[in-house]
Amino acid sequence: MPFDFSKIDTGATAWVLASAALVLLMTPGLAFFYGGMVRAKHTLGMLMQNFMTIGIVSIVWVLVSFSLAFGKGNGFVGDLHFAGLQHLSEVLPGYTGPFAQVIPPMVFVVFQLMFAVITPALITGSTADRWKFGHFVPFIAIWSILVYGPVAHWVFSPEGWLFKKGALDFAGGTVVHINAGAAGLAMALLLGKRRGYPKEQMRPHNVPFVLLGASLLWFGWFGFNAGSALGANNLAAYAFVNTNTATAAAMVGWLLVEKLRDGKATTLGAASGAVTGLVAITPCAGFVSPLGSIAVGLLAGAICAYAILLKRKLGYDDSLDVVGVHLVGGIVGSLSVGLFSTLDTNTLGADGLFYGGGWKLMGHQLIAVGAVAGYSFVVTLIIGFGLKLFLRMRLTPDEEAEGMDLVLHGESAYEFGNITGGGGGLGSVGQRPESVSLGGPTAPTGVQA
Amino acid sequence: MKLVTAIIKPFKLDDVKLALETFGVHGLTVNEVSGYGRQKGHTEVYRGAEYTVDFVPKVRLDVVVADGDAANVVEVIVKAAATGQIGDGKVWTTPVEDLVRVRTGERGPDAL
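First to last, the sequence lines map onto chains B and V. Residue 22 in numbering that gives the first Met the number 0 sits at position 23 of the first sequence, and the numbers go up by one each step. Residue 41 in numbering that gives the first Met the number 0 sits at position 42 of the second sequence, and the numbers go up by one each step.
Just chain B, with the same shape it has in the complex:
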């Protein structure tokens, strides 16, 4: 069916285009959120994984992933009708009747692309400091095709089986956060612990970066959630207000736990709590009331402040708490839809338990949570392990000690003009740059000490 371009709402189109740009900014924001938490010698390694994800997924999305996510196909995966972004003068399958879009299909493509970009980028927090770039890059490309495409189809596309079942996910609690969280857990297990974890000191090297990154995420998230209304309308306004309110409440919730448990409210905790709120409100943003969003935020902040302790009890190294924040936060948010969703906010939604809707919606939400987490975990393991047969996955212990920045990228994150000129701290005193042995590409020989 051809898309009727005369029905386009220009306000909606402008807002969704702007939202796409806002969501793009979240991935560099995430890079700094994570980059500040790692040790100084791994900073560029972390920034590069996130930034490169924009490069890889943007291309794969155009080639096939968009079509797999939003093509007709069957309930489980789309077909290749839109591969290479062809046929985009047609109505996207399922977007008819109450779901009819008032923005050009190509606008929807680029808005959804940004979600596809940040989702695999989220994984990099659990795998910090040890994943080889050469294994990471093909992993991301394949993951976008085999995991993100199908899962987005299940939940977001009106042709998907979870969408048809009645599971609600406004902006990606399952597709983005539970998906990335389960994949992060799988990759943390497959890679093993960081060298020296948990004995060695691995404090964040730049907490201001973390807060800056969290702020960029918060800013960009207005595009993520309010843009998901796909219109410049009252629903977008609700999503915007709910997003901000839940984020504020989650920060308060997390810091209350820290104050009572650890004695001090920390900057890292404020940043973490805010991100937790953003995660949890994502599936709820266009379905709950502003009062409901306070409850969602408080719950998410307090629960996740405890969930991050799980990794030490269970003994895995989810380095920057992708499981504790995104998997658990995503679950809290997705199930909160079952509790706090109300038709007063969105007539295309449903009433949750607290609004007289009974347990029916909660049942759908539980199925969506389980299906997405299970599929993502298993297929991620298969992709990671499969690639490992051809490509080395992990840095060697020596390379890990030297740091990703030098070994993988041949650079240093920080150069403060000290007397040795190498930025390498005490280890490189008296050495000229040419004599520093690098695991990766060698440093330019013209550099003066």
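Hint data in this document are derived by calculation from the structure and do not stem from the laboratory. Remember, it's a predicted structure, so these values are computed and weren't measured experimentally. All residues carry an ideal CB built from backbone N, CA and C; glycine is no exception. Worth double-checking, as some hints may not be accurate.
To give an idea of the chain V side of the interface with chain B (calculated C-beta under 10 Å), a few residues [said to hold, decoys possible]:
1. Tyr-50
2. Thr-51
3. Val-52
4. Pro-56
Here are the simulated DSS-like pairs of lysine-lysine, each with C-alpha atoms no more than 25 Å apart in a straight line [claimed, not checked]:
5. V:Lys-16 <-> V:Lys-1
6. B:Lys-71 <-> B:Lys-131
7. V:Lys-78 <-> V:Lys-1
8. B:Lys-263 <-> V:Lys-39
9. B:Lys-263 <-> V:Lys-8
10. B:Lys-263 <-> B:Lys-312
11. B:Lys-198 <-> V:Lys-39
12. V:Lys-39 <-> V:Lys-78
13. V:Lys-89 <-> V:Lys-39
Based on these hints, arrange chain V on the given structure of chain B.
Just chain V now, kept in the frame of chain B:
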């Protein structure tokens, strides 16, 4: 000549420098150093995980003075650096055999 070395709290550097200037000491070398004594380190908590930081930031200050001034310089530093709290640091002196001013080649106390 004597080398007076002091390890002090970083925020006391300005007070010590001013006191030494007032006393008549015109040159000073400082370093940012890390260490611990009876104060031990401190703990920091990140996302509920406690880290013990053994080495605390301190300032190390080196100044070469004439034999007759050494005792007074030590006293000036101690007085200016003291807060009465644990972790105030230490001051010690060591004998210096020779000293040369690089620009002029002057030696010994003349080079001070």
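How the hints compare with the structure:
1. Taking 10 Å as the C-beta contact cut-off toward chain B, the hint placing Tyr-50 (chain V) at the interface holds, the least distance being around 5 Å.
2. Annotation: interface hint on Thr-51 (chain V) holds; nearest CB of chain B at approximately 8 Å, less than 10 Å.
3. About 8 Å separates the beta-carbon of Val-52 (chain V) from the nearest beta-carbon of chain B, less than 10 Å, and the hint is met.
4. At a threshold of 10 Å, the smallest CB-CB gap from Pro-56 (chain V) to chain B is about 14 Å, leaving the interface hint violated.
5. In summary, the hint linking Lys-16 (chain V) to Lys-1 (chain V) is supported, as the alpha carbons are separated by about 18 Å, within the 25 Å threshold.
6. This hinted pair does not check out: Lys-71 (chain B) and Lys-131 (chain B) have alpha carbons roughly 36 Å apart, beyond 25 Å.
7. The hinted pair formed by Lys-78 (chain V) and Lys-1 (chain V) meets the criterion: a straight-line CA distance of about 19 Å does not exceed 25 Å.
8. Taking the CA atoms of Lys-263 (chain B) and Lys-39 (chain V), the gap is about 21 Å. The hint holds against a cut of 25 Å.
9. A distance of roughly 24 Å separates the Cα atoms of Lys-263 (chain B) and Lys-8 (chain V); the hinted pair therefore holds under the 25 Å criterion.
10. Pair hint Lys-263 (chain B) plus Lys-312 (chain B) holds up; C-alpha atoms about 22 Å apart against a cutoff of 25 Å.
11. The hinted pair formed by Lys-198 (chain B) and Lys-39 (chain V) meets the criterion: a straight-line CA distance of about 19 Å does not exceed 25 Å.
12. Proximity of Lys-39 (chain V) to Lys-78 (chain V) is assessed by CA-CA distance (about 23 Å); at most 25 Å being required, the pair is judged to hold.
13. For the proposed pair Lys-89 (chain V) and Lys-39 (chain V), the alpha carbon gap of about 14 Å is at most 25 Å, so the pair holds.
Of the hints listed earlier, those the structure fails to meet are numbers 4, 6, in rising order.
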